[in-house]
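Participant: Given chain H's structure and the hints, the job is docking chain V onto it.
Protein chains: 2
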Amino acid sequence: MTNTTITAPKGFLAAGLYCGIKASGKPDLALVHCPTGAKAAAMFTTNAIQSAAVIVCKEHIGSTPIYAAVVNSGNANTCTGAKGLVHARRMCRAVSKSLGIETEKVLLASTGIIGHQLPIDAITTGIGQAAEILSDTAEAGLNFAKAIMTTDTRPKQAYRTVNFDGKTVTLAGTAKGAGMIGPNMATTICVLTTDAAISKPMLAKALKIAIGNSLNRLTVDGHQSTNDTAMILASGLAENKPIQSQKDPRFVRFSTTLTDLCTDLARQMALDAEGATRMFTVRVQGAATAAEAFRAARAVADYDLVKCAVHGADPNWGRIICAVGSCGIKVNPDRLCCKIGDTYVFRNGKPTAFDAKKVSAVIAQKEHTITIELNVGKYNDFCYGCDLGHDYITINADYHT
Amino acid sequence: MTNTTITAPKGFLAAGLYCGIKASGKPDLALVHCPTGAKAAAMFTTNAIQSAAVIVCKEHIGSTPIYAAVVNSGNANTCTGAKGLVHARRMCRAVSKSLGIETEKVLLASTGIIGHQLPIDAITTGIGQAAEILSDTAEAGLNFAKAIMTTDTRPKQAYRTVNFDGKTVTLAGTAKGAGMIGPNMATTICVLTTDAAISKPMLAKALKIAIGNSLNRLTVDGHQSTNDTAMILASGLAENKPIQSQKDPRFVRFSTTLTDLCTDLARQMALDAEGATRMFTVRVQGAATAAEAFRAARAVADYDLVKCAVHGADPNWGRIICAVGSCGIKVNPDRLCCKIGDTYVFRNGKPTAFDAKKVSAVIAQKEHTITIELNVGKYNDFCYGCDLGHDYITINADYHT
Numbered sequence: 001m002t003n004t005t006i007t008a009p010k011g012f013l014a015a016g017l018y019c020g021i022k023a024s025g026k027p028d029l030a031l032v033h034c035p036t037g038a039k040a041a042a043m044f045t046t047n048a049i050q051s052a053a054v055i056v057c058k059e060h061i062g063s064t065p066i067y068a069a070v071v072n073s074g075n076a077n078t079c080t081g082a083k084g085l086v087h088a089r090r091m092c093r094a095v096s097k098s099l100g101i102e103t104e105k106v107l108l109a110s111t112g113i114i115g116h117q118l119p120i121d122a123i124t125t126g127i128g129q130a131a132e133i134l135s136d137t138a139e140a141g142l143n144f145a146k147a148i149m150t151t152d153t154r155p156k157q158a159y160r161t162v163n164f165d166g167k168t169v170t171l172a173g174t175a176k177g178a179g180m181i182g183p184n185m186a187t188t189i190c191v192l193t194t195d196a197a198i199s200k201p202m203l204a205k206a207l208k209i210a211i212g213n214s215l216n217r218l219t220v221d222g223h224q225s226t227n228d229t230a231m232i233l234a235s236g237l238a239e240n241k242p243i244q245s246q247k248d249p250r251f252v253r254f255s256t257t258l259t260d261l262c263t264d265l266a267r268q269m270a271l272d273a274e275g276a277t278r279m280f281t282v283r284v285q286g287a288a289t290a291a292e293a294f295r296a297a298r299a300v301a302d303y304d305l306v307k308c309a310v311h312g313a314d315p316n317w318g319r320i321i322c323a324v325g326s327c328g329i330k331v332n333p334d335r336l337c338c339k340i341g342d343t344y345v346f347r348n349g350k351p352t353a354f355d356a357k358k359v360s361a362v363i364a365q366k367e368h369t370i371t372i373e374l375n376v377g378k379y380n381d382f383c384y385g386c387d388l389g390h391d392y393i394t395i396n397a398d399y400h401t
Numbered sequence: 001m002t003n004t005t006i007t008a009p010k011g012f013l014a015a016g017l018y019c020g021i022k023a024s025g026k027p028d029l030a031l032v033h034c035p036t037g038a039k040a041a042a043m044f045t046t047n048a049i050q051s052a053a054v055i056v057c058k059e060h061i062g063s064t065p066i067y068a069a070v071v072n073s074g075n076a077n078t079c080t081g082a083k084g085l086v087h088a089r090r091m092c093r094a095v096s097k098s099l100g101i102e103t104e105k106v107l108l109a110s111t112g113i114i115g116h117q118l119p120i121d122a123i124t125t126g127i128g129q130a131a132e133i134l135s136d137t138a139e140a141g142l143n144f145a146k147a148i149m150t151t152d153t154r155p156k157q158a159y160r161t162v163n164f165d166g167k168t169v170t171l172a173g174t175a176k177g178a179g180m181i182g183p184n185m186a187t188t189i190c191v192l193t194t195d196a197a198i199s200k201p202m203l204a205k206a207l208k209i210a211i212g213n214s215l216n217r218l219t220v221d222g223h224q225s226t227n228d229t230a231m232i233l234a235s236g237l238a239e240n241k242p243i244q245s246q247k248d249p250r251f252v253r254f255s256t257t258l259t260d261l262c263t264d265l266a267r268q269m270a271l272d273a274e275g276a277t278r279m280f281t282v283r284v285q286g287a288a289t290a291a292e293a294f295r296a297a298r299a300v301a302d303y304d305l306v307k308c309a310v311h312g313a314d315p316n317w318g319r320i321i322c323a324v325g326s327c328g329i330k331v332n333p334d335r336l337c338c339k340i341g342d343t344y345v346f347r348n349g350k351p352t353a354f355d356a357k358k359v360s361a362v363i364a365q366k367e368h369t370i371t372i373e374l375n376v377g378k379y380n381d382f383c384y385g386c387d388l389g390h391d392y393i394t395i396n397a398d399y400h401t
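Here the protein sequences come in this chain order: H and V.
Its first residue numbered 1, the first sequence is counted upward by one per residue in my numbering.
Its first residue numbered 1, the second sequence is counted upward by one per residue in my numbering.
Treat the hints with care, since some could be wrong.
For identical chains, the list gives no copy identity; a pair is met inside one copy or between any two copies.
[Stated by the list, open to error] Straight-line C-alpha distance at most 25 Å; calculated BS3-like pairs for lysine-lysine: (1) Lys350 / Lys330; (2) Lys97 / Lys10; (3) Lys366 / Lys205; (4) Lys378 / Lys330; (5) Lys241 / Lys167; (6) Lys378 / Lys358; (7) Lys205 / Lys357; (8) Lys330 / Lys58; (9) Lys97 / Lys83; (10) Lys357 / Lys22; (11) Lys200 / Lys83; (12) Lys83 / Lys330; (13) Lys208 / Lys10; (14) Lys22 / Lys350; (15) Lys10 / Lys358; (16) Lys378 / Lys350; (17) Lys241 / Lys208; (18) Lys83 / Lys208; (19) Lys247 / Lys105; (20) Lys247 / Lys350; (21) Lys105 / Lys205; (22) Lys58 / Lys350; (23) Lys350 / Lys83; (24) Lys247 / Lys208; (25) Lys357 / Lys97.
Calculated from the structure, these hints are not laboratory results.
The shape of chain H in the complex, shown without the other chains (with noise of 0.2 Å):
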C-alpha cells in the first residue's frame, strides 16, 4: 500500500508516542526530522495572548534550514509566563540534543489546556525515545497524526502528487482539529511536507495561498486559538528543477495542489468538528468588497442559529437572511436572493414556494452548499461551516478538571 503520511515525501522520518501529558495515556508528543534539511515556512494564530510554542516557533522559522519539528498535544503551554517559556525552548533543546542539530533549526508547536505548565521531564524525555523511534514508514507517519490529536476523534491525513520536469514530486500533510476553529490565519495544527524543491519565499507564498483557501476557510466556533500553526517543510530531495518564481507556471500548480491538499484536510477537520454530523459551504456572490463577500460567508457559517438549523435538516432559511443583515454589510433587502443547493428558497426579498422535503433531504447530506445571491457588488467568497449537535456542548461542557 502507498504512504499517504508525512513520511511519503522522500527525506522525512517521523515519530508519534505517549510521553505522559494526557491523562488518557493516548499519544501525545510527535516528531518529524529531515535529516538533509528543509527549507521551511509558517503561519501562526493572531491571537494578542500566544502560546510560548508560538513565540519560540517563530523565533525559529528563519532559519535555514529547519531540521526537525516537535508537536505535544494535551497541554497548549499557553499563559503560562517566563517558565512555558524555558519549557518550549528545552523542547526544542532536548530535541537538538537528540537529533544532534541546532536548538534553532527546530520548530514546534503545542496544543491542548490553556494555563497548565508542561510536564517538561516527561515530555524531554519523551524526545529522546521518539528521536530513536523515527522511521519512514506509513505507521509512523500515521503515529505522528495520531500524537498531535485532542478531541479529534480520528486522524486527518492527506496526499497528493504532482509531475515537475518528469519526477514525481509529493505532499502530504496532517492536521488536528475539532473545537475553537475560527478563520483568521492558520487554524489549529497542520504539519505539511514536500520533496519540491522549491525557494523559501516561494514556499511561503504557496502556504499562505493554500492555508487562505482551506483552513482560513473554515469556522468550526468562531474561535481562534492561541496556539494555530501551520508548518510546511520541503526537502527538495524529489529533484525538479527548484521553483523560484511566482511566474514560473510550475509555482501555479505547486501552489494548486498545496491548496487542494489542504482544503482535504479542513473537509476533514469539519466532518470531525466536536458534535458536527455534517458540512456545510457558503458562498456569497455580488457583494459590494471582497471584505464584506467573505464576512457574511462568516456570518452565516458562524450563526448557530443556521448551523443548530443544518443539524435538524430544517430549510429555516429566515436564519440565514438575518446573519447576512446583522453582519454590517451592505444589503439591497428588494434583490437579496438565498440558495439551498440548487432550490432558491428567497428571491429578490421575498420567499419563493419550494419543496421542504427535496430541500431538507438537501441539507441532512454530508455536504451541501447555501449561496447568498447579494446583487449589491461584483465581490465573491466563501466559507466552510458545520452543523452544531448536542456533542459540541457534551465535549465542552465537560473538557478539563
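Facilitator: Then chain V, alone, in the frame of chain H:
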C-alpha cells in the same frame, strides 16, 4: 395582591389571546390601550433586514399621542415583501377601527418565524376580540405578557414605583427573550408602560439609557433579530409635574428606575434563555477605549467555549483569556488578570493557584461574575451572558418546519 403587570400604571388596558397563528394553540396576539393617549418612544433593531412591523412602527412612532400597541408572536412578518407591509398596516387599521382611533397612532411589533405571510384575517378578527376584552386587571396584563412569548418558558414582567412631588409614579414592563439575542439596539420585543408625566424627548432619552444598560448588555447567542423592538408608553396620569429636562433630578431618578426595571427583565431573559441554566456577568476593567471595554465583555459572553464551561461549572479560565486575546483589542499579556467571583485564576500573565472546587461552586450558582482586568487604560464595561446547554440545540434544531 398588587398588580405588577403593564396594566399597573394608571391609564392602561391590556389583553392577550390566541388568534390562530401558533400551531400549538398558545396565545399569540397582545393588545395594550391607553384611552387618554400616551407619549411614546421606541428603539429598533439595526439589522439591515427588518420586519414589516418594524418599518411600519417606525412610521408611527413620531405620532403623539399613541393610543395603542399591538404585538403578535409566532410569525415575524419579515422577508415577506410588499405583502408583508400591507399586512402590517392592516394590523394597525384593525386596531384603529376597533378602538376608534387614528391608524398612525397605533404601534406594532411582530416576533416568530421569518419568511411566512401572516394569517392576516385571523389576526384582524383576533384584534377585534382583544379590543372587546381589554381590561386594567393583573390578569389582563399577564395575558399580554404570555401572548408575546415564543420559545420562552415563562412570561417576563417587572414593576417599579418612584415618588415624584408626592405622587406615586409606576413603571412596568414585559419582554420576550429566549433566543436570537445580541446586544445591538433594543433586543427582542419589550413593552413598557408608565403613568409618569414626561416629555417625549425625555422619555426617548430615558429609554435609550435604560435599554443601553440592560437589554443591550445581554447576549444569548450574539444574534441580532430582524424584529427587535422596545417601546414605552407614558400616560402622564400619575399627575407629577412633567419631567421636561435632562437636568431635572427627577429625570435621573426616572431613568435609573427604568434601567433597574429593564435590568430585571434582562436577567429574567438570561435565566430563561434557550437551554440556559444559569447566567453570568462579564466585567471588563482598564480597557484602552470605551468601545474596546464593551467589545471584550461581549466577546467573552458570546464565546461558545466559555458558555459551555459555565454550563459544566468548569473554571476553564484559559478560554476566557483566549476570547479576550482574539477580539482585536489592546492587550498587555503580562498585565492581564482574570477573576471568577472573587478569586483570581490568572494574574499578570501567569496562572495562579486556586481552589478549583470552590471556584466551580461559584460558577454553579444561578449567577456569577467574571472580571477581566486589562490594565491598559481607564475604560470599564460589562455584558450579561448565559450558559450554552443541550436544550439550545434541541430547541433550535427542531423549531419550525
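Participant: Each hint: holds or not?
Facilitator: Evaluated hints:
1. For a Cα distance limit of 25 Å, the shortest separation of Lys350 from Lys330 inside one copy, 18 Å, qualifies, whereas the shortest one across copies, 43 Å, does not.
2. Taking the shortest Cα distances, Lys97 and Lys10 sit within 25 Å of each other inside one copy (24 Å), while across copies they are farther apart (83 Å).
3. In the homo-oligomer, the alpha carbons of Lys366 and Lys205 never lie at most 25 Å apart, since the shortest distance is 32 Å inside one protomer and 51 Å across protomers.
4. Within a single copy, Lys378 and Lys330 get their C-alpha atoms as close as 12 Å, which meets the 25 Å cut-off; across copies the closest is 34 Å, which misses it.
5. Within a single copy, Lys241 and Lys167 get their C-alpha atoms as close as 9 Å, which meets the 25 Å cut-off; across copies the closest is 91 Å, which misses it.
6. Proximity of Lys378 and Lys358 under a CA criterion of 25 Å is satisfied in neither setting, with 31 Å inside one chain copy and 56 Å between copies.
7. Proximity of Lys205 and Lys357 under a CA criterion of 25 Å is satisfied in neither setting, with 45 Å inside one chain copy and 49 Å between copies.
8. Taking the shortest alpha-carbon separations for Lys330 and Lys58, only the inter-copy value of 21 Å comes in at or below 25 Å, while the best intra-copy value is 38 Å.
9. In this assembly of identical chains, Lys97 and Lys83 lie within 25 Å of each other by CA distance solely inside one copy; the values are 21 Å within and 75 Å between copies.
10. In the homo-oligomer, the alpha carbons of Lys357 and Lys22 lie at most 25 Å apart only across protomers (21 Å), although the nearest pairing inside one protomer, at 45 Å, exceeds that limit.
11. In this assembly of identical chains, the alpha carbons of Lys200 and Lys83 never lie at most 25 Å apart, being 32 Å within a copy and 61 Å across copies at closest.
12. For the homomeric pair Lys83 and Lys330, the shortest alpha-carbon distance between copies (24 Å) is at most 25 Å, but the shortest distance inside one copy (48 Å) is not.
13. Proximity of Lys208 and Lys10 under a CA criterion of 25 Å is satisfied intra-copy only: 23 Å inside one chain copy versus 66 Å between copies.
14. Within a single copy, Lys22 and Lys350 get their C-alpha atoms only as close as 53 Å, which misses the 25 Å cut-off; across copies the closest is 22 Å, which meets it.
15. For a Cα distance limit of 25 Å, the shortest separation of Lys10 from Lys358 qualifies neither inside one copy, at 48 Å, nor across copies, at 54 Å.
16. For the identical chains of this complex, Lys378 and Lys350 are intra-copy neighbours only, at 22 Å inside a copy versus 48 Å across copies, given an alpha-carbon limit of 25 Å.
17. Proximity of Lys241 to Lys208 under the C-alpha cut-off of 25 Å is restricted to the intra-copy arrangement: shortest distance 22 Å within a copy versus 68 Å between copies.
18. Taking identical chains as interchangeable, the C-alpha atoms of Lys83 and Lys208 are never at most 25 Å apart, the minima being 32 Å within one chain and 48 Å between chains.
19. Taking the shortest alpha-carbon separations for Lys247 and Lys105, neither the intra-copy value of 30 Å nor the inter-copy value of 68 Å comes in at or below 25 Å.
20. With identical chains, the CA atoms of Lys247 and Lys350 are never at most 25 Å apart, being 47 Å at best within one copy and 48 Å at best between copies.
21. Taking the shortest alpha-carbon separations for Lys105 and Lys205, only the intra-copy value of 21 Å comes in at or below 25 Å, while the best inter-copy value is 63 Å.
22. In this assembly of identical chains, the alpha carbons of Lys58 and Lys350 lie at most 25 Å apart only when taken from different copies (21 Å versus 51 Å within one copy).
23. In this homomeric assembly, Lys350 and Lys83 come within 25 Å of each other (Cα to Cα) only across copies, at 9 Å, whereas the closest approach inside a single copy is 59 Å.
24. For the homomeric pair Lys247 and Lys208, the shortest alpha-carbon distance inside one copy (16 Å) is at most 25 Å, but the shortest distance between copies (58 Å) is not.
25. For a Cα distance limit of 25 Å, the shortest separation of Lys357 from Lys97 qualifies neither inside one copy, at 63 Å, nor across copies, at 41 Å.
When held up to the earlier numbered hints, the structure conflicts with 3, 6, 7, 11, 15, 18, 19, 20, 25 and fits the remainder.
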